[in-house]
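Asks: As a plain string of letters, each chain reads:
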Amino acid sequence: MDTQQFEKLLLQVQKPGRYSGGESGSIIKDKEKVDVRFAFCFPDTYEIGMSHLGMKILYSLFNSREDIWCERVFAPWTDFEAVMRENNIPLFALESRDAIKDFDFIGFTLQYEMAYTNVLNMLDLAGLPLKSADRTSLSPLVVAGGPCVCNPEPIADFIDLFFLGEGEEVDLEIIDLYKEHKKKGSTKEEFLRAAAKIEGVYVPSLYDIEYNEDNTIKSVTPKNGAPAVISKRIIKDMDKCYYPDNFVVPYIEIVHDRVVQEVFRGCIRGCRFCQAGFIYRPVREKSSDTVNRQARALCENTGYDEISLSSLSTSDYREIEPLLNKLLGWTEKSYVSLALPSLRIDNFSDELLDKIKHIRKSGLTFAPEAGTQRLRDVINKNVTEEEILNTCRTAFEGGYTAVKLYFMLGLPTETDEDLKGIADLGQKIVNEFYSMPNKPKGKSVSVSISVSTFVPKPFTPFQFEPQITKEEIHRRQEYLKSCITTRKISLSYHDSATSSLEGVFARGDRRLGAVIELAYKNGCTFDSWTECFDDEKWKKAFEDAGVSPEFYANRLRDYSEINPWDHLDYGVTKKFLIKENETAHNEKTTPNCREKCSACGAACYGEGVCFEKR
Amino acid sequence: MGRVFALRNVRIYFSKLGRMKFVSHLDLTRFMARLIKKSKIPVWYTEGFNRHIYMNFAVPLSLGFESTCEIMDIRIVDENFTNSQCLEQLNSVAAEDIKFFAVNDPVLPTKEIGYADFILSFEELKAETASKLSAFLQSDSILCEKTGKKGKVKQIDLIPKIKSFLLEDKTLNLTLVAGSEDNLNPSLVMDTFFSQTETEPIFYSVTRTAILDKKGNKFK
Ligand code: SF4
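Keeping their order, the protein sequence lines are chains A and V. Just so you know, we're using the numbering used here here: the first sequence kicks off at 1 and counts up by one. Just so you know, we're using the numbering used here here: the second sequence kicks off at 1001 and counts up by one.
These aren't lab readings, by the way, just hints derived from the structure by calculation. Bear in mind the structure is a predicted one, so any value in this text is a computation, not a measurement. Please note: incorrect hints may appear among the correct ones.
Unchecked claim - Here are the simulated PhoX-like cross-link-like pairs (lysine-lysine), alpha carbons at most 20 angstroms apart as the crow flies:
#, chain 1, residue 1, chain 2, residue 2
1, V, Lys-1161, V, Lys-1218
2, A, Lys-613, A, Lys-596
3, A, Lys-333, V, Lys-1040
4, A, Lys-179, A, Lys-197
5, V, Lys-1170, A, Lys-8
6, A, Lys-404, A, Lys-488
To be verified - Label-pair ranges, simulated between beta-carbon atoms:
#, chain 1, residue 1, chain 2, residue 2, range
7, A, Ala-82, V, Phe-1101, 45 to 53 angstroms
8, A, Ser-444, V, Pro-1042, 39 to 47 angstroms
9, A, Glu-531, V, Leu-1026, 19 to 27 angstroms
10, A, Ser-444, V, Lys-1150, 28 to 36 angstroms
11, A, Glu-550, V, Thr-1046, 42 to 50 angstroms
12, A, Ser-444, V, Ser-1180, 18 to 26 angstroms
13, V, Gly-1018, A, Asp-535, 38 to 46 angstroms
14, V, Asn-1080, A, Asp-239, 38 to 46 angstroms
15, A, Pro-437, V, Glu-1047, 33 to 41 angstroms
Backbone N, C-alpha and C fix where the C-beta goes; we use that ideal spot for every residue, glycine too.
Next up, chain A with everything else stripped away, as it sits in the complex:
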């Protein structure tokens, strides 16, 4: 690409820093000296993609190999897309500015369903046919990983192969296999057949799906030697697992602009709505020494002055106290601050609260998720009202005045009483503040309640449950609004417009491929952005494809039904999920992995919390 011409075009767009490349930590190699060029594509904006830890890990890992050059690609925002199309600029990688259609791999990370049209748009901008079947040469291979891969069926037509689970090992195995086949001059078909034999690799074109008359799945049949069940991959020893010692540090501000230090994978909790809590099982921790060492190296190499500890539930980290002590031993001196997200309240000890109080006075956030104890038992969120109120009181006494609460609307078995419980809990927190004898003078309390819409997800005990309809979502939102009577409580809803659609794709099958393609051709991209989301276009796409969204989202699924993802194995067994679903309907909780193993199936990997001494 002509640099001058390109840079001139960049000056016409809103945020040229999204496309200019050249950030500190970005990796430039000699393309003549590498065997494999990998375009790591994040199907959303630069700011969101650059904040994603998985991408940082794999980018550095791939580039740590001399024979691979991995580059970053993000979805161009609509203004730059228009410029690209007008000037015939194909989708390019940030580091080399070379067109990605000439790369060996185009790898997408699928973090949320609403990015699917962006995947199609990026393939189109690259100048490639959208469908896997229409891309006949060995390269570029279009591959994908990430949590959505636990049910990749809606997007299966467009992707050549999927990586199930954690990518650090299996991605490199596939790259090595590809190198062999490229040398041999294999066809794409030959390569894909061989690839399907590697554990953790799912080649959708090697499976025939048959449907019953009622549209449910009749059978999934592997062909050409592909395995009947595909198992996810996990990293067994987190202390030995690759972790980058440097990040690409953007010039423009991104969502998480700091050192993100992973402490463990998985979650012991088993909240029944939470897909991450099941598909990343079992919990595997890094030692506090490893975490401390990695965080320190990252700070030194990036120049960041803030660290956030990352996991699904950092306060469940067994070595949290030693870790905080180790970190505080050097961070304070070097003016580095610590941010501790997603601290759960049920083991938020006074001591720990005291420690983090010195670190940073950020807002207090809790995620009770449901408004009544009954419903919290149903979803297995083992948090009691008493605990919430106690923690709030301790925090108020420590000087906090703002509380943020996260809830979900539309959970299985939810009634209006549960919704009212949300407002009541907010009110009780307000009362707790005013009941303090020595409350700070002249200060008022603010409770903000943020409510998202529940979406049933595969590999959770709620995978069988119907999602409530759009109309019902709206009715419940209005009802909840009417329950709040004080200005001290603010209520906000997010992504309710898209959650119905998310519900369709989360549990969809291959027939949705046509819908995604039609919606894309109608002009849908950036569907997770309210300013871009166009429900009418989606409605039309469903109509034109003759597919009913309600069939996927709003139907109660029988335990015996074959789900589109049943041939994928994420450790947790369907038997366990059924048992958990029944326990949920009995309004009973299930102990966490450290209290008692519930034999979910994830012990099959032979590692992690399943083998800890209890």
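Using the hints, position chain V with the ligand against chain A.
Replies: For chain V with the ligand alone, coordinates are given in the frame of chain A:
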């Protein structure tokens, strides 16, 4: 607080070229803070709850402009730390399109900045446009509207703010008032030219080549 340091101001000179021209001033300050942190220079952090590295940029550079003459002041807390050590440590972590070329003791405070030199390179400049531009810059006055900091639109005359110009071939050298009190952006000159003379806008790139004091000497 509590500890007393012998603080020393140092003035850092650097260039901002190539891909760095897409880095806005705000983003540059964040970038510099990280770069200084990586360089391990013993810098002074501001006091208070949210402590950050003290940095003072002479005159912000617009997004899209390149520069060979940027200036930034920082404070050193270690008396024995020399300017050449500072320069070396900065360059050891510098990015591709940022180069540090001098670190000196400041002579004048930044409020003494008076002018800046710019080179505008046109992609294409027809003889006719060139003569129009030349005539435009020699007018007695160029009145135009400028939106002030508080959103107030006021009328200003550009001519007194243009100290000198030289139009040669496809480049225009401009010396414009600069600094915290008064500042003229070359884009405003060109935008006014295009609109007032009804000339089809042509693409040009901008490089700032010098920051001058009120007497017109290199600002040091
Ligand atoms: S097997 Fe037991 S300990 Fe292991 S993840 Fe499942 S429930 Fe937890």
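Asks: That 38 to 46 angstroms hint for Gly-1018(V) and Asp-535(A) (C-beta), does it hold up?
Replies: Given a distance of about 43 angstroms, which is inside 38 to 46 angstroms, the answer is holds.
Asks: Do Ser-444(A) and Lys-1150(V) keep their Cβ atoms within the hinted range of 28 to 36 angstroms?
Replies: For Ser-444(A) and Lys-1150(V) the Cβ distance comes to about 31 angstroms; the hint holds.
Asks: Does the alpha-carbon distance linking Lys-404(A) and Lys-488(A) stay inside the 20 angstroms limit?
Replies: The given pair, whose Cα atoms are some 12 angstroms apart, holds under the 20 angstroms limit.
Asks: Between Ser-444(A) and Ser-1180(V), is the Cβ distance one that fits in 18 to 26 angstroms?
Replies: Violated, since Ser-444(A) and Ser-1180(V) (Cβ atoms, about 39 angstroms apart) do not stay within the stated range.
Asks: Taking only the CA atoms, is the gap from Lys-179(A) to Lys-197(A) under or equal to 20 angstroms?
Replies: holds, 16 angstroms
Asks: Hinted pair, alpha-carbon criterion (20 angstroms max): Lys-613(A), Lys-596(A). Please report holds or violated.
Replies: Answer holds: Lys-613(A) to Lys-596(A) is near 11 angstroms, not above 20 angstroms.
Asks: Within 39 to 47 angstroms: is that where the Cβ-Cβ distance between Ser-444(A) and Pro-1042(V) falls?
Replies: holds, 43 angstroms
Asks: Could one say that the CB atoms of Glu-550(A) and Thr-1046(V) fall in the range 42 to 50 angstroms?
Replies: violated, 58 angstroms
Asks: Can you tell me whether the CB distance of Pro-437(A) to Glu-1047(V) sits inside 33 to 41 angstroms?
Replies: Given about 34 angstroms between the Cβ atoms, the range holds.
Asks: Lys-333(A) and Lys-1040(V) were given as a pair; does the straight-line alpha-carbon distance stay at or below 20 angstroms?
Replies: holds, 13 angstroms
Asks: Between the beta carbons of Glu-531(A) and Leu-1026(V), is the distance compatible with 19 to 27 angstroms?
Replies: Given about 23 angstroms between the Cβ atoms, the range holds.
Asks: A range of 38 to 46 angstroms was offered for this pair. Does it hold for the Cβ distance of Asn-1080(V) and Asp-239(A)?
Replies: holds, 41 angstroms
Of the numbered hints stated above, those contradicted by the structure are hints 7, 11 and 12, listed in ascending order.
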